[in-house]
Each structure stands twice: as structure tokens, then as C-alpha cells.
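Enquirer: Sequence:
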Amino acid sequence: MLSFKAASHAVGSISSCSLPPTTMVLSRVAILDDYQGVALTSADWTPLDGRVHIDVFRDTLLDEDALVKRLENYDVASRLIATTGPANRGIDTAYAKEKGIVVSETGGGGNSTLEHIWALILSTVRYTTVEDANIKSRNPQWQSTMPLGLAGRTIGLIGLGRFGTMTAKARNIVSILTKLQLITILGISDS
1 MLSFKAASHA VGSISSCSLP PTTMVLSRVA ILDDYQGVAL TSADWTPLDG
51 RVHIDVFRDT LLDEDALVKR LENYDVASRL IATTGPANRG IDTAYAKEKG
101 IVVSETGGGG NSTLEHIWAL ILSTVRYTTV EDANIKSRNP QWQSTMPLGL
151 AGRTIGLIGL GRFGTMTAKA RNIVSILTKL QLITILGISD S
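Residue numbers are given in full-length UniProt numbering: position 13 of the sequence shown equals residue 13, and the series is strictly consecutive.
These are calculated hints, taken from the structure and not from any lab test.
It is possible that part of the hints are untrue.
Distance windows between CB atoms, simulated [stated by the list, open to error]:
hint	residue 1	residue 2	range
1	53	146	37 to 47 Å
2	124	27	21 to 31 Å
3	95	140	53 to 63 Å
4	106	73	27 to 37 Å
5	158	30	52 to 62 Å
6	79	135	29 to 39 Å
7	100	168	23 to 33 Å
8	64	138	42 to 52 Å
9	62	38	17 to 27 Å
10	86	119	12 to 22 Å
11	92	31	31 to 41 Å
Beta carbons are placed, not taken as given, at the ideal position from N, Cα and C, and that holds for glycine.
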């Protein structure tokens, strides 16, 4: 656990949040899953100076009992849930609204998911991680694989929601033939 006083050198703004009077006892705020360590530098926290004590947790606890133990000294009345991206299926926004909890989401990141999909595809067929490790370890056999070319090949996509459709359309960048297979998995679409 890292404990911080609110950062004064941050960028962005949370000035629209309603704050308790400064005469109140300091509230404790838990920032969970800040795995990139950017929470305190991605917003202007100065309006909270002297009003809250902020604890930042960079790791994710999968064990529910461990998470409950971690948060036992915090006010259980959530007031704000902030998440990256324009939607997060892990948050029941209707329930949050019913309970008066503000859900704040960032704007979309363009085509970051599509770009990541293609980065994984290209990394797989070009053995990027293997060759990168060979070079970094100074392996004399640094070029140990035979990368595949994609031009004229067929790629099979399972699922054709929003991301599958975008992936299929982006294939033209590398002249790949696309074989589409529509499969409904648990009735969930990525759209």
C-alpha cells in the first residue's frame, strides 16, 4: 500500500466534486488497481488537500476476503466510481445511480483495442517476443524463428461483434483474406 497526500502538481480537474467542509474529520479514500501508478498525477487533487487522506493500491486483489480486509478501514458508502474507457461492464451503472453513486468514465481511446488486437496478431506471426528476448539476452542465434508473412493468408475470427467486425475490416492493411465464423458465446456481444 502506498499512502499519499493529495498531489498538487497534477493535471486535469476534479473540481466539480462536492466536498465536505474542511472542519470535518479527514475521510479516507482508496484508489484501487492503479497498476500504472498514474492516479495522483492524472487529476488536480488540490481541492482535496486537508480534506481527505488518499491511499493508492497498485495491485489487484482477486480474493474477495482479502479485498474486504484491505478496505475495512474505509467508509463503505461509495460516492464515486471512476473508470477508464467509455464503458465498463464490471460496473452496474443502474445500481450505482439508484444508490446515488456517481460513475465517471473517460472518453474512448480511439481504436486502442483494435490496435492491440492487431499488435497481438502481428507479434504472434512474426515471433516478436521470442526474437526480442533473443536480442536482449545476446543470444548468438538471435534470429531463431521463421516469421510468417500475412499477405494472401486467411485469418479466422470467432465472434463478430464490434471488435470482430473492426478486426475484419482492418485486415486490408496487410492484404489478408478473412474467413469469418459467427459464434455466439454465452449470448454476449462486444458491442
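Enquirer: Now tell me if each hint is right for this structure.
Expert: Structure-based check of each hint:
1. 53 - 146: 37 to 47 Å: Once the Cβ atoms are compared, 56 Å apart, the range 37 to 47 Å for residue 146 and residue 53 is violated.
2. 124 - 27: 21 to 31 Å: violated, 47 Å
3. 95 - 140: 53 to 63 Å: holds, 59 Å
4. 106 - 73: 27 to 37 Å: holds, 28 Å
5. 158 - 30: 52 to 62 Å: Since residue 158 and residue 30 have Cβ atoms about 38 Å apart, the given range 52 to 62 Å is violated.
6. 79 - 135: 29 to 39 Å: Since residue 79 and residue 135 have Cβ atoms about 49 Å apart, the given range 29 to 39 Å is violated.
7. 100 - 168: 23 to 33 Å: For residue 168 against residue 100, whose Cβ atoms are near 42 Å apart, the range 23 to 33 Å is violated.
8. 64 - 138: 42 to 52 Å: Roughly 45 Å apart at Cβ, these two residues keep to the hinted range, so it holds.
9. 62 - 38: 17 to 27 Å: The hint (17 to 27 Å, Cβ to Cβ) holds, given that residue 62 and residue 38 are roughly 22 Å apart.
10. 86 - 119: 12 to 22 Å: For residue 86 and residue 119 the Cβ distance comes to about 21 Å; the hint holds.
11. 92 - 31: 31 to 41 Å: violated, 20 Å
The structure does not agree with the numbered hints 1, 2, 5, 6, 7, 11 stated previously, though it agrees with the rest.
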